Amino acid sequence: MQKYSHIYNVILDNMDLFNYKLRPISAIMYLQDAFARYTATKKMAAYDLFATQQYWVVTGFNIDFIDFLPYWSEEIKVEIWISEISKLKVFTDFNLYYHDKIFAKGNALWFIIDRQSKRPAKTDVVAERFEVCNELVLGEHKKFVLPQIKEKFNEITHKINLSDLDFNKHANNKSYINLAENAAPDEFKKTNTIKQLKVKFNRESFLNDVLTCTTYKTDTPKLYVHKIEKDGVSVCDIATLWEEKTDTSTIVDYPLKIKG
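Take 1 as the starting number for the sequence shown in the working numbering and just add one per residue.
Derived from the structure by calculation, the hints contain no laboratory data. Small disclaimer: the values here were computed from a predicted structure and weren't measured. A portion of the hints provided could be inaccurate.
Calculated cross-link-like contacts (lysine-lysine; reagent style BS3-like; alpha-carbon spacing at most 30 Å) [unchecked claim]: (1) K169 - K150; (2) K3 - K200; (3) K101 - K118; (4) K118 - K190; (5) K190 - K77; (6) K118 - K150; (7) K227 - K245; (8) K159 - K101; (9) K43 - K87; (10) K190 - K169; (11) K3 - K43; (12) K198 - K105; (13) K101 - K169; (14) K87 - K190; (15) K3 - K195; (16) K174 - K118; (17) K159 - K43; (18) K142 - K174; (19) K42 - K195; (20) K169 - K118; (21) K174 - K101; (22) K89 - K152; (23) K245 - K230; (24) K42 - K159; (25) K118 - K152; (26) K101 - K152; (27) K189 - K159; (28) K217 - K105; (29) K195 - K174; (30) K89 - K190; (31) K152 - K230; (32) K198 - K150; (33) K198 - K159; (34) K169 - K143; (35) K118 - K230; (36) K152 - K77; (37) K245 - K118; (38) K87 - K159; (39) K101 - K150.
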């Protein structure tokens with residue numbers, strides 16, 4: 001069974017300024033980078049697919065945070081593998097390690113898109129080059145279903161700028177997830193952290209598009225639904241489940257060992 005792993009350090013851009021730890025939503029950026037590195041080993045990275053007029057897109061993430069998050073500058077290991085391949089879909093499962101202990105786990109759904117038709121391409125080449133490891137860390141891969149919403153909690157807007165764009169000149173996934181996190185008041189984020197994150201990307205958005213993120217409460221305490229729209233059309237749906245922070249240590253309490 002083939003898995004790919006890579007070591008990262010928590011950098012400033014991905015740090016929670018309230019406690020100097022990894023922001024839960026930033027875990028997605030490490031996961032996407034690990035996936036890109038993995039595909040590069042099989043000559044199927046984004047730049048490889050240019051030759052066939054194709055590109056990768058991720059349409060959903062599910063992540064559970066199950067242990068203490070690492071501090072700034074600390075090493076984390078991302079372990080990722082292809083867990084299921086269908087005619088059009090590619091699923092990856094993953095674990096994130098800190099001090100050799102899993103602190104987050106989840107899965108993601110990927111497609112290869114044809115640049116001309118904008119439709120999913122068949123996964124024949126993926127099946128030829130990648131070995132499938134059918135270890136499913138969250139159980140069966142299920143369709144994303146948003147929790148039932150109640151009253152509106154908050155609404156914010158954001159205009160896509162150059163720093164939001166990815167390799168394909170689309171708004172990157174982090175921009176959408178930042179919108180959802182920014183909807184939570186700072187006082188709330190000081191004492192609460194994301195326990196579970198579910199994301200479904202529905203459509204692309206581009207430079208100068210204006211996105212509106214509307215956040216709703218649900219019947220479950222601290223479970224919120226974030227609907228991100230462009231011109232009234234859904235671009236991304238996100239569900240965040242929060243819990244009170246149990247680790248009260250601070251950067252002052254932790255002896256950082258800076259390399260270099």
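Restraint status (C-alpha distance of K169 to K143 at most 30 Å):
27 Å, holds
30 Å Cα cutoff - pair K198, K159
Given that 30 Å is the threshold and the Cα spacing comes to 23 Å, the pair holds.
Taking 30 Å as the top limit, are the C-alpha atoms of K101 and K152 close enough?
38 Å, violated
Please verify whether K101 and K150 have alpha carbons no more than 30 Å apart.
37 Å, violated
Check whether the Cα positions of K198 and K105 lie no farther apart than 30 Å.
Within the cut-off at roughly 12 Å; holds.
Is the Cα-Cα distance between K43 and K87 30 Å or less?
At roughly 20 Å apart (the allowed maximum being 30 Å), K87 and K43 satisfy the hint.
Would the hint linking K3 and K43 be met if the CA-CA limit is 30 Å?
16 Å, holds
Pair hint outcome, K3 versus K200 [Cα-Cα no greater than 30 Å]:
With a Cα-Cα distance of about 25 Å, the restraint between K3 and K200 holds, given a limit of 30 Å.
Holds or violated: K190 with K169, Cα cutoff 30 Å?
At roughly 34 Å apart (the allowed maximum being 30 Å), K169 and K190 break the hint.
Is the Cα-Cα distance between K87 and K159 30 Å or less?
Not satisfied, since the Cα-Cα distance of roughly 36 Å exceeds 30 Å.
Assess, step by step, whether the Cα of K227 is no farther than 30 Å from the Cα of K245, and give holds or violated.
Holds, at about 25 Å.
Given the hint that K142 pairs with K174, does the C-alpha gap stay at or below 30 Å?
23 Å, holds
Hint compliance for this structure: hints 1, 3, 4, 6, 8, 10, 13, 14, 17, 19, 22, 23, 24, 25, 26, 30, 36, 37, 38 and 39 are not met, and every other hint is.
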